[in-house]
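Hints are included, so try docking the two chains, each in its own frame, into the full complex.
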Amino acid sequence: MKAVMIKVHEVWLETLMAGFMSHTHNKQTLFDFADIMFRHFTWIEDLLIKSGEEYSYDRDNVPIKVENLKVLLKDIDTRLSDIDLQLMSLEDKALASRIASDIKYIRQVLDKMHDETITAFNMHRVMEGYSLSKEATDALTLFLFEESYKEYELIMIYNYLKAHSQDAYMNRIFQILIDESMFHLKCFGDMQAKMGILATPRVVMRELYQVTDIVKFLKDGIDEEILAKEECKRLAEAVAKDNEDLAHFFDFINNQENYHIALMEDALNHYQEVNKVE
Amino acid sequence: MTVDEQLVMHMMEPKNYGHMESADAFGFGKNPENGEKVVIYLRIGKDEDEPYIQDIKFQAIGCTTTVVAGSMLTEEAKGLNLEGAKNLVNATLQLLDKLPPEDAACSEMVALAIAAAVETYEKRVDEPDYPAITYKIKSTCTPKEEADESSND
Numbered sequence: 020m021k022a023v024m025i026k027v028h029e030v031w032l033e034t035l036m037a038g039f040m041s042h043t044h045n046k047q048t049l050f051d052f053a054d055i056m057f058r059h060f061t062w063i064e065d066l067l068i069k070s071g072e073e074y075s076y077d078r079d080n081v082p083i084k085v086e087n088l089k090v091l092l093k094d095i096d097t098r099l100s101d102i103d104l105q106l107m108s109l110e111d112k113a114l115a116s117r118i119a120s121d122i123k124y125i126r127q128v129l130d131k132m133h134d135e136t137i138t139a140f141n142m143h144r145v146m147e148g149y150s151l152s153k154e155a156t157d158a159l160t161l162f163l164f165e166e167s168y169k170e171y172e173l174i175m176i177y178n179y180l181k182a183h184s185q186d187a188y189m190n191r192i193f194q195i196l197i198d199e200s201m202f203h204l205k206c207f208g209d210m211q212a213k214m215g216i217l218a219t220p221r222v223v224m225r226e227l228y229q230v231t232d233i234v235k236f237l238k239d240g241i242d243e244e245i246l247a248k249e250e251c252k253r254l255a256e257a258v259a260k261d262n263e264d265l266a267h268f269f270d271f272i273n274n275q276e277n278y279h280i281a282l283m284e285d286a287l288n289h290y291q292e293v294n295k296v297e
Numbered sequence: 116m117t118v119d120e121q122l123v124m125h126m127m128e129p130k131n132y133g134h135m136e137s138a139d140a141f142g143f144g145k146n147p148e149n150g151e152k153v154v155i156y157l158r159i160g161k162d163e164d165e166p167y168i169q170d171i172k173f174q175a176i177g178c179t180t181t182v183v184a185g186s187m188l189t190e191e192a193k194g195l196n197l198e199g200a201k202n203l204v205n206a207t208l209q210l211l212d213k214l215p216p217e218d219a220a221c222s223e224m225v226a227l228a229i230a231a232a233v234e235t236y237e238k239r240v241d242e243p244d245y246p247a248i249t250y251k252i253k254s255t256c257t258p259k260e261e262a263d264e265s266s267n268d
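The listed protein sequences derive, respectively, from chains V and F.
Residue numbering for the first sequence follows our numbering, beginning at 20 and increasing consecutively.
Residue numbering for the second sequence follows our numbering, beginning at 116 and increasing consecutively.
The following block holds chain F by itself, in its conformation from the complex (with noise of 0.2 Å):
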């Protein structure tokens, strides 16, 4: 990771971590190859009758890029409308072959949990006791060299 100024900015004092008591919806993002995961919390507020993320939240077991993305992705999913947080979870997958491994991975884990919130919300609209959903990250951490020797071994 290059770090900059506005990096350091979030590392220092991330935005919106920790938990949120009495969520509306919650969802977990989770990478299978080392147990790393994030949860998103929402709270939903109604804009005429259209639910939009009023707060969101999150926790992390993860490293420091994990964090910096929680940050940054859930600044911008602050505000918008349910579809708005969908294109930007979209938006997010879709760049995550530009990043260096470690980072792609770290993001796919917040997109996905801001995702899994999202449909829980979602979900629970018609079944308040649906249960918290779950996605797995598909990206892996691991630098392409270091995969590459671990798999000649």
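Just chain V, with the same shape it has in the complex (with noise of 0.2 Å):
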């Protein structure tokens, strides 16, 4: 069961990493299949929690540098036919049975997929329509490398948090964190295949998302966020003697950090309330 989890984490960064390839209407398509992935995924982590295995979110790493879409596609689809196979291996029959079901679908989807030419890692740091600097575009480049993974960290972060909670007022938290960095990882990744960087966000280590200490992780999280946002006005005044609209884009995800500040200090309280700690 945990092969199976790790078998799907891979293949959902994969689909979600075509997703930043495309130019075309593949694009949300592949976007809307990472999504039910990432679903699959915590089911199965869910029936890992029930039946007491212990697990991680170790993985190898996910090569995704091709020419053409569809080599990837071709990857994915020999991915999921190999989860597909190991589906019999979940205890929960009904799940494994709606997870081949959808598993079915996506991969017809995918074999009628168009090809499509890959320019998302020609390093060419450049965006079309927008003009940079050099010192705007390494000050860009640094922090879409640092964000993704940042994003990517969140995700996993807080999914296993609300996996690992009953409280039902903090997974309402959690959950709408990972949407928030969901959303921002989509962001980041669009412009790093657009920039020609495009990178699978490394593996998270473990003590990172094996949380002891929720306090001290909310507390430290509000504090990472500030530097979040300094990082992003930073990033808005390199940017904006060369492009406003750039500017504009990442004043929005600055003033964005100040909803997860808000959850965070939301699910701080609640935290602190219900389990009387300080």
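Note that these hints are calculated values from the structure, not bench results.
Every residue, glycine too, gets a C-beta built ideally from N, C-alpha and C.
One or more hints might be untrue.
To be verified - Derived, one-sided and incomplete: chain F residues facing chain V with beta-carbon distance under 7 Å:
1. V118
2. V123
3. M126
4. M127
5. M135
6. Q174
7. Y250
As the list claims (entries may be wrong) - A few chain V residues facing chain F, derived, Cβ under 7 Å:
8. M142
9. A218
10. M224
The structure is reproduced here in structure tokens:
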């Protein structure tokens, strides 16, 4: 069962990356499929928790560097076929059947998807329609690598916390934070692909998501969000003189961090109140 | 950090990133200032009885610069004998004052993690359960102007 979860994790990321690479209407379909695969991942994780089996979010690196989308789609298809065969190891046969049904349809659609030439790895570091100085391009490059990983890391952390919590109030907050990070990851991944510097986020270290002290985690998280706001502000300033639209986008992302701070403060207050801890 | 094509390649595909199952030794480099850390895993081979780094992996809780430093230094360390690895660590530490503070802190953290892993391996030759060594960095991540400002607060 653990092996299936790892494989679903990998194919989710690969499909998400394929979505970033696409320049056509394939993009939205790939994003939708990636979202479905992420939900499969959480279903299987839930089974693991119920069975008491230990697990982690360790996985192999997911190679995605291709020149044509079809090559990646073929690889996704192979992975889905492997998962399909391994679904029989799930004790919950109804869940296995639901996932198998999704896989069957997804493979049919992927098979019919038209091919695209991929430019997401050309390292040109230029976004069509945007003219940035070397300084602004360097700042944007570093920001995108830093933050795309960070958003993936947050998705995994909040997902783990949510999977291990029975508190509906906390879980509502964790789910909103997951959704927010998914949105940010999609924004940043798209920009990376446009700049020719797309990369799969690295594996998250276990101690980051296997949180033992939630209060400390939330307090540190609030501080980190405040720093992230500063980072966005700096980047908005760095690109503002070259491109107003991009500056507005980073101002928007900066202001979005206010939601995260409010949500984490809410979670912290609730947790402290319910568990009578400081 | 000035970003060139080589750095972008390390960012896109960091070399040797990940956990190593049943490593012969591992060691940590930590930044006590902000909790960032690097772990280095070693698999040691023998070349005519001389131990050398057959495989090396790293993981990091840190920024992109740390990952780039880890990618570059682990590539250089791979294949070296233990003395060679220590020389690599020393050479890196001697270069730190030529780097911007944030880059220096990241490189120091990786170099010290390599030193810690190599020394843990050496200790484990006689004492197989010797715990993984951790070294803390002396560099600060904070650029000088910011550090000055905060000390004036």
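* To do: Mind listing which of the numbered hints don't hold for this structure, in increasing order?
  => 5, 7
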